[in-house]
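Asker: Sequence:
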Amino acid sequence: MQTSPDRHEYPAHWEADVVLRDGGTARIRPITVDDADRLVSFYEQVSDESKYYRFFAPYPRLSAKDVHRFTHHDFVDRVGLAATIGGEFIATVRYDRIGADGTPASAPADEAEVAFLVQDAHQGRGVASALLEHIGAVARERGIRRFAAEVLPANTKMIKVFTDAGYTQKRSFEDGVVRLEFDLEPTDRSLAVQYAREHRAEARSVQRLLAPGSVAVIGAGRTPGGVGRSVLGNIRDAGFTGRLHAVNKALPEGQKELDGVPAHRSVRDIDGPVDLAVVAVPAEQVTEVVTECGEHGVQGLVVVSAGYAESGHEGRERQRALVRHARTYGMRIIGPNAFGIINTSPQVRLNASLAPEVPRPGRIGLFAQSGAIGIALLSRLHRRGGGVTGVTGVSTFVSSGNRADVSGNDVLQYWYEDPDTDVVLMYLESIGNPRKFTRLARRTAAAKPLVVVQGARHGAAPQGHAVRATRLPHATVSALLRQAGVIRVDTITELVDAGLLLARQPLPPGPRVAILGNSESLGLLTYDACLAEGLRPHPPQDLTTAASAADFHAALSRALADDRCDAVVVTAIPAVGEGSVGDAALAQALRSASAAAPGKPVLVVHVELGGLAEALSAAASTAPQPGAGGTAPSTPARTSPAESGEQPQVVHDATPGEEHLPATEAPEGAHLIPAYPAAERAVRALGQAVAYAQWRREAADPGKVPEYEDIDEKGAAALIDGLLARGQGLTLGTDETCDLLGHYGVQVHRALPAPTPDAAAEAARTLGYPVALKATAPHLRHRADLGGVRLDLADEDQLRRSYAELTELFGAPEELRPVVQRMAPRGVDVVVRAVIDPAAGAVLSFGLAGAASQLLGDTAHRLIPVTDREATSLVRSIRTAPLLFGWRGSAPADTRALEELLLRVSRLVDDHPEVVAVTLEPVVVASHGLSVLGASVRLAPPPARDDLGPRTLPAY
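When we follow numbering that gives the first Met the number 0, the leftmost residue of the sequence shown carries the number 0, and every step to the right adds one.
Quick caveat, the hints were computed from the structure, so don't treat them as lab data. One or more hints might be untrue.
Unchecked claim - Below 25 Å or equal to it, Euclidean Cα-Cα: the simulated PhoX-like pairs (lysine-lysine) are:
| hint | residue 1 | residue 2 |
| --- | --- | --- |
| 1 | Lys435 | Lys64 |
| 2 | Lys169 | Lys159 |
| 3 | Lys713 | Lys703 |
| 4 | Lys156 | Lys50 |
| 5 | Lys156 | Lys169 |
| 6 | Lys64 | Lys50 |
Predicted, not measured: the structure shown is a model, and the values here were computed from it.
Using the sequences and the hints given, assemble the complete structure.
Answerer: Quick look at the structure:
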């Protein structure tokens, strides 16, 4: 790489893979002296016009001096980056640090000139925008705060790259040149632009995989059986609308077909483009296949081959090499060890998976990291008469396997705006980037329900998954996901239960539930289940076992018309001896009553004793019905059924192993009514829908991060810089902690050391009586239950007696580390913590002090920065919150002061990423005001690249 004259080592951490606007990938890396030939070759492929725009004059070729200048960098004052595909340059960018007079300079000069050059064949792919993000991050790391660029007025594309970036800019025109100056500090607009570009690029990259125009199955065996041959047959039998090819290098020379599909010995032999390759060859042959695909221009790969990270260290290295090799050619990968992908759209009809049958078309997007779980879910979705989702279909399905490249984050980007997906169900065994997943989940959940079940909750992630280390327990991660609007469930059964309800029922406007049916006992079970889920049920209405279909219709109509009811649960047991005609009549009665009031959800709890199951199973998929103009019904959360004119149709769950009649087609525009075999399952799904609906309403007004006039951000920054100059990371002393927190309006009660009785008396005279005497040794700190604290000491005699008691009970003062502190007003003791987790980001936590939070885990969490509304909900979200609001006649605590404290701590950590941990314990919240009695702060240098940095693909 670089030679000795260079001032810095090669910055390998600047290397990154990025997704471009069209969904392809490119690699960005520093330019080195070894790139001279690549640079010359690159320049020869640039048009004369683009060269003119770069150098403001005809410049047909680079001189030897130019090549030397553009390949020799010190990686501080002179930096060049290149975007590469297939190892060759497609674009370059460089900056040169300049002084106030515009001449070359070194630090502390904080301005640099920047210039780009993009091959004409790759213009319009977003390459320059990606390079600008990366060169900007590099410049900030090297102390450069501002870029300047001179552009010819006719070079409108490059001017647009700068102006669209979202940075604060100045623009001038002089001597026929447009001069642009812009600060590199990220702004809200620049981050919004970056996230929008990330969304478009990643969504497009997944769309290219799920909707290819042509597919090649590589490794389709010559004899029936085997993975490749099975996938080939599944794609063919599903009626794929594009071109399909079979590839096997062992095919005889003259063989042109395999199972009626055009056959080839290599991808190179295929005439025309190949958008997607399904790779099903032994792992040791995959590298050769990837090379052939890359050279042929294949856009993406589904690698079903095993033998990678799931098999141990050697396989993990093989997996990393696979991803690097594929990205070299701009290809994305699903897998390896993947089950496959499915797209039920009539325009695609792709079943590039090991599933022998395609699930029915529908409105649910399904993602599973595990192939086994994917099989189970698809099996349920395929069965028309059995399973809770037996009548609910799939829009698209992705099984990511080891998710070495394409992950759940990428698929969320696609589903967010996918018009064919109304509900997203995800089975996750690991979350590679919780911070990004939470951000994407919040945005997705604001538009459509997102239901997640997480496996491997109590152990390490599966061996094939490379994930960032996190210090947060699973319960904390789950709480953060719920804060982002994710519907967190614990089992696969709950996943599909909730999915069925959300796919075709409106969101409940509130928690009030009407219960009616022909079984008093089943009604009472439902009532109890509602209370357990935090719902507000009305007393069950017992229609008696003699109730007719007309009775059910009338009762359901009345309940739906009642303004005090937000949802209805119908419980039904078939009457003994009742025939199929009666069952069909009951199902029709429920459908017609629901149709009259489609704005409230209806669920059915039934006991399968007769023909009712068959009647309830007569339903259709969630796909658009014939005659609907080919458009999908809107998600219930966005368009009410009343607007769409949908008619309800009842669906049911089944006991495993039971036989059911085939489902019949429902009337046009049918609106499914989900039914469950147990009250607990139905009510749990309803409770999740109620909570999600409440989150949607609150998300519409998330609140704001308050500004406090007494916050001294610059003073805090100067203090932090001075403290960090001592070393890489440190826990602040008492005085330093108080000073830093004081810059953000958080006042800590002073605690003076008391190594002797006389020192304790002197400290008390300084602070003023009454005082508290505390032992701060690690085994006694914050453990008032062990007797290491004496409170309300009114004079010196009491203080000296208490001092003698503590030393007699617990040992010498040097072991106890006693301190004296002025008494604070009585109140409720709470704990406030903030921590920057390497995976999840900055997290604010709150709970009551003592056993409540430590033993019971009664702690609530929010992602930083916290808004005023989030601070309010944080205080109220712990189970012991009633202690703050006057429980059993006690005086209510000053929760407004507590919320302000939470917001100030949130601001401190958000403004200064060097503050990696803050603990305030205890904080005594009195009736008026609060007192922070103990505090600790830890500092560490901020990471070189954080969530505000440029877009990059994970490098596992």
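Asker: Does each hint fit the structure? Answer for all of them.
Answerer: Here is how each hint holds up against the structure:
{"no.": "1", "hint": "Lys435 / Lys64", "verdict": "44 Å, violated"}
{"no.": "2", "hint": "Lys169 / Lys159", "verdict": "14 Å, holds"}
{"no.": "3", "hint": "Lys713 / Lys703", "verdict": "22 Å, holds"}
{"no.": "4", "hint": "Lys156 / Lys50", "verdict": "14 Å, holds"}
{"no.": "5", "hint": "Lys156 / Lys169", "verdict": "18 Å, holds"}
{"no.": "6", "hint": "Lys64 / Lys50", "verdict": "17 Å, holds"}
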